[in-house]
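Number of protein chains: 2
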Amino acid sequence: MGIFVWCGVLVRVFHTLVSVGDVFSVLGGYYRLEPLGVEVVGLGDALWRVLAVDVFAPVDVPPFDRSEVDGFAVVCGGVVGAEEDSPVRLRVVGYSRIGEPFLSEVRFGEAVEVDTGAVVPRGADAVVMVEYCRRVGDDVYVYRPAAPGENIAFAGSDVLRGDLILSRGTLLTPREVALISALGLREVAVFKRPKVGLLSIGSELRGPGESLRYGEVFDVNTYSISALLREIHIEPVIYGVVGDDYSSVFNALSKALSENDVVITSGGTSAGPTDITYRVLDELGTPGVVIHGVKVKPGKPTVFAVVNGKLVVGLPGFPLSAAMVFNLVVRPLLLKIMGLDVVAERKVSSVLADRVVGGKGKEHLIPVILISRGGELISYPIPTASGSISVFTVADGFIRVPENVGFLSEGERVETYLLSGDVRSSDLVVIGSHDYGVNIALSLIKPRPSAKVVNVGSLAGLIAVGKGGCDIAGTHLLDEETNKYNVSFIDKLGLSGKAILIRGYSRRVGLIVQRGNPKRVVGVEDLLRGDVVFINRNRGSGTRTLLDMLLKDLAKSSGVSFQEVSARIKGYSLEAKTHTAVAAAVAQGRADVGIGIEYAADLYGLDFIPLREEHYDFVINSASYGKAVVQEFINVLRSVEFRERLGRLRGYKVGGDVGSVLQ
Amino acid sequence: MGIFVWCGVLVRVFHTLVSVGDVFSVLGGYYRLEPLGVEVVGLGDALWRVLAVDVFAPVDVPPFDRSEVDGFAVVCGGVVGAEEDSPVRLRVVGYSRIGEPFLSEVRFGEAVEVDTGAVVPRGADAVVMVEYCRRVGDDVYVYRPAAPGENIAFAGSDVLRGDLILSRGTLLTPREVALISALGLREVAVFKRPKVGLLSIGSELRGPGESLRYGEVFDVNTYSISALLREIHIEPVIYGVVGDDYSSVFNALSKALSENDVVITSGGTSAGPTDITYRVLDELGTPGVVIHGVKVKPGKPTVFAVVNGKLVVGLPGFPLSAAMVFNLVVRPLLLKIMGLDVVAERKVSSVLADRVVGGKGKEHLIPVILISRGGELISYPIPTASGSISVFTVADGFIRVPENVGFLSEGERVETYLLSGDVRSSDLVVIGSHDYGVNIALSLIKPRPSAKVVNVGSLAGLIAVGKGGCDIAGTHLLDEETNKYNVSFIDKLGLSGKAILIRGYSRRVGLIVQRGNPKRVVGVEDLLRGDVVFINRNRGSGTRTLLDMLLKDLAKSSGVSFQEVSARIKGYSLEAKTHTAVAAAVAQGRADVGIGIEYAADLYGLDFIPLREEHYDFVINSASYGKAVVQEFINVLRSVEFRERLGRLRGYKVGGDVGSVLQ
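Protein chains in written order, with the working numbering: chain P, 1 to 663; chain V, 1 to 663.
In short, the hints are calculated from the structure, not lab data. Worth double-checking, as some hints may not be accurate.
What the hints assert, rightly or not - In the EDC-like style, the derived pairs of lysine to aspartate or glutamate whose C-alpha atoms are separated by at most 20 Å in a straight line are:
| # | chain 1 | residue 1 | chain 2 | residue 2 |
| --- | --- | --- | --- | --- |
| 1 | P | Lys347 | V | Asp427 |
| 2 | P | Lys446 | V | Glu345 |
| 3 | V | Lys295 | V | Glu403 |
To be verified - Residues from chain P that keep clear of chain V, each with C-beta distances beyond 10 Å, as calculated:
| # | residue |
| --- | --- |
| 4 | Ser19 |
| 5 | Phe64 |
| 6 | Glu68 |
| 7 | Asp85 |
| 8 | Thr116 |
| 9 | Gly215 |
| 10 | Phe407 |
| 11 | Glu480 |
| 12 | Arg508 |
| 13 | Ser557 |
| 14 | Tyr604 |
| 15 | Arg650 |
Stated by the list, open to error - Here chain P is said to cover these stretches of chain V; the calculated rule only asks that three of the stretch's residues, wherever they fall, bring their Cβ under 8 Å from a Cβ of chain P:
| # | region |
| --- | --- |
| 16 | 190 to 204 |
| 17 | 223 to 237 |
| 18 | 341 to 348 |
| 19 | 467 to 475 |
| 20 | 514 to 520 |
| 21 | 566 to 579 |
Just so it is clear, CB atoms sit at the ideal spot from N, CA and C, and this is done for glycine as well.
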């Protein structure tokens, strides 16, 4: 690790990044990745522990020849030829109850009544089910012959005394607990669980329920990493938020290290000048930081330190990065320390729905949605920023683009690493432009479907329909040529025959200004004023296209070029991705005016200057059109309740044609 | 439900069995399958709870325009044309630290230093990464142009204030906990968890650590069902073993019902005359038993009762049956009561490796092993008795043969219902004849592979190799014609080219008699004596073939037929499936003599009369031969350590040719 002074500022340079695949071996040079000891626990506490010894069967299972049915134990030779109309009569010499075995021998011509689970007495070599017998006094009529061994589980046929039943290093799931209890073991020797301390580094972090000052965010990693630890049955010791000054970090880490076997931090490890975690870790003990960063994006500022025999993992501060790195590296590492002999990666095989880009010198992790289509899993990559939180609930996992691989192609078979233990299959996937009506429609479907809603914008939604990445896309794309919404894009994007366009509703779009309109904005011409800061929408959005059309008209009427007009707007290049983001920027004073839908202005208590109405419609994947839940979605759009609920939102207009097929 | 007296014994007849798919609707007529109430928990206790309300975002995430990198916030227009050899110089007017935002505006020609996660100040529309900048005093040289919005996460671009973030009925996994913490919520309203009481009914059941009397078994369901409940985050109240007399069951159920919302019992529900659970349930309250059995095998004696508004589920006594029925019916039922809106079935799509048989009027559940081959999952059915325990750790799940379907064919695509949340992929699957050497060999492979060993006998093992159901089969099949082991069966079973035969070792096989040989047995001729009870091995086993060969010789020399000889042996038709089961039968006095390997006699402290040596060899699936772990297995067979360790077991002989390729 190099530290050098550059123009009076301490600059830290990452110079020994380690590949994900090398973390274990590099770390292994400083820290033994093995269990911290053995303890004995009772059978009732054995679940999710890891066996520290081989377990051999001390008894046979079943411990005796056991009847699998209710019936009569017989000698097969004595019921040869028994049939429906010519039963064989046997003398019933006893009853073998569960727990009360018949202790004598069964002979030819005799039978002993037996219960399911009871001992099959000596001499008998089959049990005839009670359904095929009729008891009359001390005799029984048997209406079917029996094969030797029929309905008998012989002693030791299931588990053999002396046999190796479970190996050291086995995780005790409910299945192993069942086996151990069948052997009558009262306790088992398991590996000690590591004590793990958890702290979030960052002066900007606030706890839940606190109020945020400008520039502050809520602490996520304390909760998400501790949940991920609980998922592997480690209950962490939580130290909460630690300010990112040297002495706070030093004191918190010292305390956490003295009280735990492993300490996990997040934040405070990127290369910015304010980071001090490195210095503290090197100061606290030897050898200090041993891995100064990992060749992975996101997740580069992940550090590993060994401090006087204890392990410290420093995760990146962004929660999604922290969670992905935890799943990829820290989880298997902890499972090793917990003693698991075989650490299976949580991944599934899938087909990539769209091209993803990698890069030089770093593996890239790309969050994806898993979609099941015809027995095949499809991974649909989600465009996202590494700081994203919402991706957590949308993405099922992530794919890995290896170091120095430029891209992975659409249709390639890839491994998808799961973000949680279960693959969640959604009934319905909606990808496209964000709108409040979508959530209202989903909430009206009974029973509520398991739906994934991914807001990536109209164009990306239509592309997802074409690639089979979703069932429904919400869209409001304005065609500059026709001045109409949506319809022409089905053809333009090659979706004819692949998609069906369903009429949605209208939303009023206009200029969002601060309450009371202090800058006295009346129309787009005011955006050119020197005292007005604007916030724009992203290119490709319907709203942006509308603004540019209005500015072109303005340019034409003023006799100047569109470029001249747009260059004069302060903030023209500042692109917010959603209507609400525009409203938030205005509400927080970062801009004086933005362009967006009226309901967004209403949500933030802002004023609104209407420009026009835009059509928000639904494009449905033809392959999904027959799905019951898709039909139900369309039915809901047509319902009175939906029209009433959406119509109540300011600026929305729901017509009688909502839910009709346009194309 | 009909009860009638037949020959003085109370007989209970199941007459209204319900299909698995109908359980919810039938039960729903008597019990509301919905949550029992709502409670508010802190964020730290929210994991694995189910949301009782829709959660709307109270804030934007991010709450401000956030820099995604360390760098300099700029106005894009001001760095147009910046390049490696012609940087643009900007005046640094401030520093936006994490949690300490720069509050003024950035203008053309200016820059503000920003940290990852810090506020991007007003006026700036991009952040240039620090890697492309050089700070000199109050200025910064920028070596790359910037695109609008580059490295900025705009306020609300991730989560929008007012948006529906999580729906009522959502399970809070680590992913949802992350999202909730990012919103700053301190607590959430969740559904109450049902209180579940658990009891095992059966006088034959003993607790762990107790000693078994003849006919008794250890209580498994208390531990396995409570582990399965913990898997869905319900901590049951355990009432332990209850004797199966009326008043014990009545008292235990009364107490459990008064203290819980739901009571789960196991055992005591089959149609045998001693069962009293039905009567107790009908007695305890109304409407009593509402489902008198389920059309599923195993699992028929599953009952559902509603007692004064509380739910009682009676599972079958056999642990595997109980666990499968729990997974199939009870788990989804409890998840509904826990408030989960969407209860996903835990299943994976797979290809069936072998034909399985169903039956009339009942769905059949067949345990299977999941094997991954070339990205495809294969389900290999395991022949098993419903009372089996070992199947728990071998089987990954089970397939369902629907009611009235005669069979499912090899190669059919089926759904495999998982026994636990994870699909376990094994490095190595060994199916075949049981032998102690297999476990020794596996224990010597470092690192120890994740191996599945399934003991189904030599012939079934060879068939599994042919069907691709395993990597290795252990076999000791004697060819009567050639009097040789194993070799000829490769051809006979059509395995030429599909399998490779590897030399194993020899085991001495003979007659196992009680210690001191009280019946003075000296050879197979003694089996014909009237005072000797024999225990045989199953047909198709090498040992059985050996015995029959010896009996044929005996018949020949005595001038009688083989049938006459075998008919004279008491217990000839009594088939034990393993050597150890034979030894156990002799040790427990159920037989005087059996046929098996010397080590089994040794394990049970019995005497042994040698007959001959048999060859135990390994047949390897050609497709698996190149696998590293298979090669490692063969290397271990050849190792000195293996030869020494196996050679120490009585009756084993390991030659210098162990591990060599025979064919």
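Comparing the hints with the structure gives:
{"no.": "1", "hint": "P:Lys347 / V:Asp427", "in the structure": "holds, 15 Å"}
{"no.": "2", "hint": "P:Lys446 / V:Glu345", "in the structure": "holds, 19 Å"}
{"no.": "3", "hint": "V:Lys295 / V:Glu403", "in the structure": "holds, 8 Å"}
{"no.": "4", "hint": "Ser19", "in the structure": "holds, 20 Å"}
{"no.": "5", "hint": "Phe64", "in the structure": "violated, 6 Å"}
{"no.": "6", "hint": "Glu68", "in the structure": "violated, 6 Å"}
{"no.": "7", "hint": "Asp85", "in the structure": "holds, 21 Å"}
{"no.": "8", "hint": "Thr116", "in the structure": "violated, 5 Å"}
{"no.": "9", "hint": "Gly215", "in the structure": "violated, 4 Å"}
{"no.": "10", "hint": "Phe407", "in the structure": "holds, 20 Å"}
{"no.": "11", "hint": "Glu480", "in the structure": "holds, 20 Å"}
{"no.": "12", "hint": "Arg508", "in the structure": "holds, 17 Å"}
{"no.": "13", "hint": "Ser557", "in the structure": "holds, 25 Å"}
{"no.": "14", "hint": "Tyr604", "in the structure": "violated, 8 Å"}
{"no.": "15", "hint": "Arg650", "in the structure": "holds, 12 Å"}
{"no.": "16", "hint": "190 to 204", "in the structure": "holds (count 3)"}
{"no.": "17", "hint": "223 to 237", "in the structure": "holds (count 7)"}
{"no.": "18", "hint": "341 to 348", "in the structure": "holds (count 4)"}
{"no.": "19", "hint": "467 to 475", "in the structure": "violated (count 0)"}
{"no.": "20", "hint": "514 to 520", "in the structure": "violated (count 0)"}
{"no.": "21", "hint": "566 to 579", "in the structure": "holds (count 9)"}
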